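Peer 1: Please build the complete structure, drawing on both the sequences and the hints.
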Amino acid sequence: MRDGDREDRDLHRRLASGDRSAFDELYRRYAGSAYGLAYRVTGQQILAQDVVHDAFMALWRAPEAYDPARGPFRTFFLALVHHRAVDLVRRESRLRARSERAANLEPLVGEDPAEAIAEESYLGVRRKEVREALVGLPPEQRQVLEMAYFDGKTQVQIAEELEIPLGTVKTRTFAAMRKLRASLEDAG
Amino acid sequence: MIDRHAEAQELLAGYALQSLSGEDAAEADRLLAEHVPGCSECRQMLDAFQAVAGELALDAETIPPPDPLLPRIHREMEPRGRSAGRWTSGRLVAAAASVVLVVGAGGLAITQLGDRKTAQVPAADVQELVDFAIHHKTQAQTLGGNAQEISARGVQELYVYGRGVPAPTPGFVYRLWAVSAKDATHLRDFLPYPDGTVLVRLAVDPSTFDHLLVTMEPAGSEPLVPGEPAWPETG
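Chains as they are written, first to last, in our numbering: chain L, 1 to 188; chain W, 1 to 235.
Think of the hints as simulated: they come from the structure by calculation, not from any bench.
Here the structure is a predicted model, which is why all the values come from computation and not from measurement.
Any given hint could turn out to be false.
Pair by pair, the computed Cβ-Cβ distance ranges are [to be verified]:
#, chain 1, residue 1, chain 2, residue 2, range
1, W, Gln44, L, Asp24, 32 to 38 angstroms
2, W, His186, L, Pro138, 53 to 59 angstroms
3, L, Asp67, W, Ala181, 41 to 47 angstroms
4, L, Ser17, W, Arg72, 19 to 25 angstroms
5, L, Glu161, W, His136, 34 to 40 angstroms
6, W, Gln44, L, Val125, 24 to 30 angstroms
7, L, Asp3, W, Gly154, 44 to 50 angstroms
8, L, Gly167, W, Val225, 53 to 59 angstroms
By construction, the Cβ of each residue, glycine as well, lies at the ideal position given by its N, Cα and C atoms.
Peer 2: Right, dumping it as structure tokens:
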């Protein structure tokens with residue numbers, strides 16, 4: 001286990017006992033990643049804020065939701081953020097509007113993306129590993145993966161948009177996930 | 001015949017990404033209920049895919065959230081264990097959220113008769129409960145048997161949720177009644193999942209009855225009047 005993961009578990013344990021400073025430290029560590037993810041999925045600042053708000057409130061109210069035996073806190077929490085973000089996007093039927101904006105996300109107001117918050121070094125290392133793993137995927141596999149994960153699209157929607165059979169989308173997704181799993185396990 | 005593992009794992013990949021819909025989502029739910037719990041290979045694959053889904057988040061740029069967000073969260077952070085009876089501790093959401101993360105998004109099934117082979121609560125049900133708990137000022141009422149009624153004033157919806165709920169006597173089911181001063185109305189029969197979890201969503205207005213009652217009744221019997229409480233210590 002990496003030092004950062006071990007520290008996260010300790011912070012989570014303290015948070016579970018009601019330690020607000022541990023909560024704040026986890027917020028400091030993951031709010032940026034969570035907001036970045038939520039913003040990328042929802043494409044709107046206000047929705048991204050709601051997603052991050054709800055995720056951290058759920059963490060505070062329900063710290064037992066994280067089971068350390070199942071893996072790092074990071075993957076638990078960011079998966080929770082992703083789940084909520086996709087759920088929100090679909091619930092509010094914003095996919096079409098987002099597609100029209102394509103990659104042109106709503107410009108951030110009052111925030112300077114270059115002013116990245118200080119990131120723990122271990123998280124930076126893992127981020128680099130994830131990006132390298134993604135870059136290592138065949139382009140057609142990466143495409144369906146990103147459309148599903150970051151655009152919140154269903155496999156049916158992806159098949160329609162790319163004009164390829166649904167089975168092909170499934171096959172590419174499966175292959176991409178297996179490759180990512182292997183790459184990320186090898187990396188750490 | 002299609003390779004069951006390959007078919008299941010292909011669905012699990014989409015499931016972990018929350019990209020299934022329609023028949024595929026329903027099929028994934030079915031596999032998660034009937035195949036995955038008994039298949040270590042598929043369980044491991046699901047865990048691995050869930051982990052990948054968590055790691056993928058790191059591909060998004062880190063963006064500092066707006067400054068007012070943390071103070072907003074601080075304002076809403078209630079102290080732990082502040083009020084007995086009113087559910088704010090999140091134990092419910094805790095359990096629920098953990099199931100969500102294990103299972104992902106699922107269908108709309110609820111705890112039902114005949115689902116005893118179903119090992120896990122469908123994640124979509126749990127997500128509904130989590131959302132209910134987050135968006136309403138909920139209160140919990142103990143029903144006994146490790147089960148609770150979760151409701152919110154003015155909301156025509158409530159949940160019966162429990163973990164470690166004992167299975168009824170073989171051949172019997174649990175039966176939910178809405179009890180008021182003048183009568184008792186049968187709401188639903190249910191069985192715990194094999195892991196002891198109960199999650200039943202009821203589209204009823206909690207202000208229309210006095211309390212819920214759970215009885216144990218022979219399966220298939222006509223629900224005319226409630227029998228003895230299933231959990232007499234609180235029933």
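Peer 1: Please go over all the hints and tell whether each is borne out by the structure.
Peer 2: Here is how each hint holds up against the structure:
Separated by about 35 angstroms at the C-beta atoms, Gln44/W and Asp24/L satisfy the suggested range of 32 to 38 angstroms. Roughly 57 angstroms separates the CB atoms of His186/W and Pro138/L, a value that falls within the hinted 53 to 59 angstroms. A beta carbon spacing of about 44 angstroms between Asp67/L and Ala181/W agrees with the range 41 to 47 angstroms that was offered as a hint. Checked against the hint of 19 to 25 angstroms, the C-beta distance between Ser17/L and Arg72/W comes to roughly 23 angstroms, which is consistent with it.
For Glu161/L and His136/W, the Cβ-Cβ distance of about 37 angstroms falls inside the hinted range of 34 to 40 angstroms, so the restraint holds. At about 25 angstroms, the CB distance of Gln44/W to Val125/L agrees with the hint of 24 to 30 angstroms. Take Asp3/L and Gly154/W: their Cβ atoms lie about 48 angstroms apart, and the range 44 to 50 angstroms holds. One distance hint, 53 to 59 angstroms for the beta-carbon pair Gly167/L and Val225/W, holds here, with the actual separation near 54 angstroms.
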